[in-house]
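Quick mapping for you: the protein sequence lines, in order, are chains W and X.
In terms of our numbering, the first sequence opens at residue 8 and continues consecutively.
In terms of our numbering, the second sequence opens at residue 31 and continues consecutively.
Fair warning: there could be bad hints in the mix.
Stretch by stretch, here's where chain W covers chain X in the computed footprint (C-beta under 8 Å, at least three residues) [unchecked claim]: (1) 82-88; (2) 102-116; (3) 128-141; (4) 150-159.
What the hints contain is simulated information worked out from the structure, not anything from laboratory work.
C-beta: ideal position from N, C-alpha, C; glycine also.
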Amino acid sequence: MTRRLVASVIALAGVSVLVVRTRAQDMPRQPGAVYDFDKKGETPAPAPKRDLTGVWEPATGPSGGVQATGAGQMPSDGKPEHELPYTPLGRETFMAHKPTFGVTQVPSALTNDPMPGCNPQGFPRVVLHNFRTSRIIQTPENVVILYEFNKKWRTIWTDGRQLPKDPTEPTWGPPDPPESRWWGYSVGKWVDDYTFVAESNGFDDRTWLDNAGRPHSDALHVIEQYHRLDRDHLEMTITIDDPKMYTKPWVAVKLRLRLQAPSFDIREMECAPIETEEYNKEFADPAAGVGAK
Amino acid sequence: MKIRQVNRAAWAFALLILAVPVLAHHGNAAFDSDKRVTLKGTVTEWFWANPHCFLQFDAKDDSGNVVHWVAEGSNPPDMINHGWTKGALKVGDQITVTVIPVKNGKPIGRIAAVVLPNGQKLDGGFGAPGPPAAR
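The task is simple: from the sequences and hints, build the whole structure.
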């Protein structure tokens with residue numbers, strides 16, 4: 008009888024501890040986009056090993072990854088410390104670009120930004136312009152990132168393949184014809200249990216790096232590092248390496264991300280030409296002094 | 031000589047035509063960022079879409095003439111984070127709108143604030159949406 012009582016008390020205590028431990032993180036959630044943010048005094052659980060899976064949001068909030076005036080670490084604001092290490096070609100190309108943001112901004116009617124009209128902004132601009140809620144999926148062969156911004160996705164191969172040798176005529180293998188891509192070619196690996204590093208090349212050079220018109224060439228090489236700080240936090244660092252445009256690599260983005268609940272439903276943010284046309288007709292064109300209105 | 035001039039004119043015309051379809055949304059250059067105009071008006075359209083939502087409304091000017099205004103907000107995900115919904119406004123709603131007007135003097139602007147018919151005041155969806163508790 009006493010043994011049974013003791014066993015019951017121990018079991019009950021165990022269940023209670025389990026309930027208390029899981030209540031905060033694993034309570035059933037209403038479906039939808041309910042953001043989780045850091046709470047004062049909260050200590051996150053340790054990081055799981057070699058795991059990036061989940062829905063991630065900038066830790067400072069939904070607008071924390073919006074970089075309207077250019078790459079978050081190096082905005083185009085005229086400050087000397089944000090001057091990029093341009094090569095002569097890099098500077099010339101930057102000055103030929105006419106962005107709608109940054110120190111070289113022009114009115115929208117005069118821009119030559121390749122993105123408006125729902126054209127692909129590609130990688131890395133998707134991250135250097137507007138890093139929004141994103142889901143990371145891991146399979147044995149790859150890491151897939153689903154971006155909220157314009158509802159795009161990328162595959163980072165982890166099956167041991169190498170980047171294309173010639174970034175200007177990229178191909179995964181001899182049967183494939185050279186094909187540069189808006190989103191490049193990406194491979195990645197774990198450098199330790201909590202740090203995943205990806206590299207990309209083979210880009211289509213019609214895209215810009217960011218909203219401020221920073222250029223890249225077909226020699227662009229992007230290094231991404233995802234460092235899992237603890238269960239709830241991931242630090243994303245994006246480095247730009249393009250010897251034709253810049254004299255040395257530079258860090259464009261360093262962003263702390265917060266894990267969201269598994270029930271988090273990423274909102275739709277689709278660039279629909281039919282809606283863009285309406286927006287331009289009713290608002291953007293007359294605002295820029297073009298059109299009948 | 032004349033042919034050259036015609037050529038130049040043709041190029042200038044072609045460039046002008048090419049410039050129109052690539053008009054960008056976003057950008058601050060068109061707006062008189064330090065100015066605010068507050069208007070009482072009637073909603074004629076609430077367009078909920080990417081790249082940005084926009085509001086069309088009629089408001090009387092100082093002389094009593096009805097002026098048709100267009101004012102943009104942010105994109106739908108940001109608008110939701112700032113308290114907006116697709117059904118927040120309907121045609122005929124009486125509202126008070128504060129806009130950041132464009133520099134060219136047209137009745138066009140960016141939403142700084144809207145007071146809805148129920149008295150709720152919302153901003154244009156730009157920037158940080160405030161502390162989590164407020165959402």
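Results for each hint:
| no. | hint | verdict |
| --- | --- | --- |
| 1 | 82-88 | holds (count 3) |
| 2 | 102-116 | holds (count 7) |
| 3 | 128-141 | holds (count 4) |
| 4 | 150-159 | holds (count 3) |
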